[in-house]
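Chemist: Residue strings, one per chain:
2 protein chains.
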Amino acid sequence: MPSQPGRLLYAQSGGVTAVINATAAGVIEAARAKGVQVYAARNGILGALREDLIDTSRESKAAIAALRHTPGGAFGSCRYKLKSLEANRAEYERLIEVLRAHDIRWFLYNGGNDSADTALKISQLGKAMGYDIRCIGVPKTVDNDLAVTDCCPGFGSVAKYTAVSVLEASLDVASMADTSTKVFILEVMGRHAGWIAAAAGLAGDGPDAPPHVILFPENAFDEGAFLAKVKATVERVGWCTVVASEGVRDAAGHFLAEGGTRDAFGHAQLGGAAAVLAQLVKDRLDYKVHWALPDYLQRSARHLASATDVLQAYAVGRAAVEFALAGMNAVMPVIVRTSESPYRWKIEPAELRKIANREKKLPKGFIRRDGFGITAAARRYLSPLVRGEAPPPYGKDGLPAYASLRNMAVARRLPAFP
Amino acid sequence: MPSQPGRLLYAQSGGVTAVINATAAGVIEAARAKGVQVYAARNGILGALREDLIDTSRESKAAIAALRHTPGGAFGSCRYKLKSLEANRAEYERLIEVLRAHDIRWFLYNGGNDSADTALKISQLGKAMGYDIRCIGVPKTVDNDLAVTDCCPGFGSVAKYTAVSVLEASLDVASMADTSTKVFILEVMGRHAGWIAAAAGLAGDGPDAPPHVILFPENAFDEGAFLAKVKATVERVGWCTVVASEGVRDAAGHFLAEGGTRDAFGHAQLGGAAAVLAQLVKDRLDYKVHWALPDYLQRSARHLASATDVLQAYAVGRAAVEFALAGMNAVMPVIVRTSESPYRWKIEPAELRKIANREKKLPKGFIRRDGFGITAAARRYLSPLVRGEAPPPYGKDGLPAYASLRNMAVARRLPAFP
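Protein chains in written order, with the numbering used here: chain A, 1 to 418; chain B, 1 to 418.
Check the hints yourself; a few may be wrong.
Same chains, same names: a pair is fine if it fits in one copy or spans any two.
Derived SDA-like pairs: lysine to any residue, alpha-carbon spacing no greater than 25 angstroms straight-line [as the list claims (entries may be wrong)]: (1) LYS361 - VAL148; (2) LYS282 - HIS254; (3) LYS83 - GLU322; (4) LYS396 - ASP208; (5) LYS34 - LEU414; (6) LYS288 - SER3.
These are computed hints drawn from the structure, not numbers from a lab.
A quick note: this is a predicted structure, and the numbers were derived from the prediction, not measured.
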């Protein structure tokens, strides 16, 4: 039973990952150890606005421990960006009201740069409204695009999934290329930054190893150069594996995925860059082509998580609680790389205002000069993040034994929010 | 060094799997133990026609053992169906000529029902041409559609991959559905038979568990019933996971994937059923929808192989050698289920003529009456096939340590085949 006065509120925000629940486990276990009761907001910040709170102290120790190996967001997440303080002060005031009604003294918001901004604003408004609340941003995003932190929990696992998938599918394509598919295209997430596409480069090294072509959102798509590279690869190697970021754009800045592909009704076709590229390769080069779009499979593949990522996700959760209880405010526990070889890291607090609403793109020095691959510097950065395996326990049925929480609601104390 | 006179030729055929190399390991290890030299045909039967043979005795013991955990086809496979004996007798005679030139007395053809037919024909022609050759078909196909055998090596692993992917992606969708994607569609392989789609059903049981809708190629697609089921699921559960076989067809027998989706040039759009279904859900129900097409990822995912499948793949390879060396001809080692609970199986020889060119569809009793799910009988059949984990070893770089063979060519003894 909680022995400390005041409660801690934890919320998950934005796209979920294979390891965001490991962060939740870190938060809850660290808070329990200090005698602090943890509420979770159902469906992210919306749960806080709606006063739809979950009492995590109703969950068993085993259930919380199992979050470490369970993908998805155990308390629900949301895509909901609070407007600015000027545009919708009522929402922020409601949040403070809910926090006050439940004696919540620490608020931990687990998300990306939007969420860092929200946590920052709440901390500021709390001060202005005379309610003492400590707000901590907790990093999470498969996109790896948060400023300050060396890497983002969630990225290492999608990076590992992507590299392994490229390796495996390439072995398949290599063995069939003589009479079947010669070009395989894998479309990966990353609308604005090519971190996941870059991670595919870990599948192999050298000119003949897959992936032979990576298309980054950072580079304008050059159709001629792309086709020439694919053709040269097929002629030299016998086959070609392409990894395309969903965010690949032409020189005019239009997503390739919006490049005029329409269905019979004239609607823009759902789906993306890989379909467009496959059609291009087929039409222009007349090679048999296959493509894959793993979509949510890539960010929920807890069965193939990186052990480094799981460890870091858990550690930022614990650190967030320590920082909060130590009285820190408007900070985020970030990962600092203290050594590259051997890989060593530690966690430090960083100011939210240096992280909120910023985006870290792939450095220019990580993309090879020809634009179709990664550099040795990128390999040195990426490699430690996919290291180590942390498979979930499997049941007798051959499926991972993922946690399912009870998610018991806390009784409401306020009228509904309009 | 080989101590037996005569050699054994092994060839891989058709689409490769996560475990076809485990069969190769079984073949080579069993033959080595008997002092028999194994040649492999490069790129399947084409290697035999071209006299492009690989001497597997040049590979180390460790390399052969590593085939057990390496996906793809280590010697190359092909999509090449020999014409009938009447239509192209020259090809069959060339095969016998190559076998004779290299003193090959046993031919093991690792593939599906086409390959069983080829092996059968070669055995018949050998007899007619006075060349004593023992032909054994070795089962392999992710489609699980071979007659006689209880299941096909390769299927259990893609089944496990599919069930785990549905489970993981559904946890993701469930946590975001309040404000984001409400319908997730996974397209799986299976052009003619819904075995893989059925395996997705192992991800959950009961009306609220995913997958909520499975679309089988065995049932004509009913747009109205499908949309009603998706809508009812979203309204009751909050979200809906759909698994669609690539072979889903309308009542007129046309693949959904060919349903009029064209690109800007008027070409039929590559890709498939999931894209069409996603557009339908978006247009008619106005739900946010995401879809995934794992394509080759599903059949090459050795990292998530079923231990049962790996064991059976290896065992059919060993049995094929035992049957061949015992003088059997025109047979296939098939898997016989001797007990369901506990699951027990054994391997027996079955006549190739009972397997060649036949196709085993999903039994009617495996599809639920409403057409959108699997029955308890299907669960009893499928469940043991995905049991057990058999992860590959991983390197320090965090990637699976897959084997790479030297594949040294055997010197040619014949003129080139036109």
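Chemist: Next step is simple, just say for each hint if it's right about the structure.
Modeler: Cross-check of the supplied hints:
1. LYS361 - VAL148: For LYS361 and VAL148, only the intra-copy Cα distance (12 angstroms) is at most 25 angstroms; the inter-copy one is 56 angstroms.
2. LYS282 - HIS254: both (22 angstroms within a copy, 23 angstroms between copies)
3. LYS83 - GLU322: Answer is neither; intra-copy 29 angstroms and inter-copy 72 angstroms both fail.
4. LYS396 - ASP208: between (41 angstroms within a copy, 22 angstroms between copies)
5. LYS34 - LEU414: Neither way: LYS34 and LEU414 sit 28 angstroms apart in one copy and 80 angstroms across, limit 25 angstroms.
6. LYS288 - SER3: neither (66 angstroms within a copy, 44 angstroms between copies)
Violated hints, in rising order: 3, 5, 6; the structure is consistent with all others.
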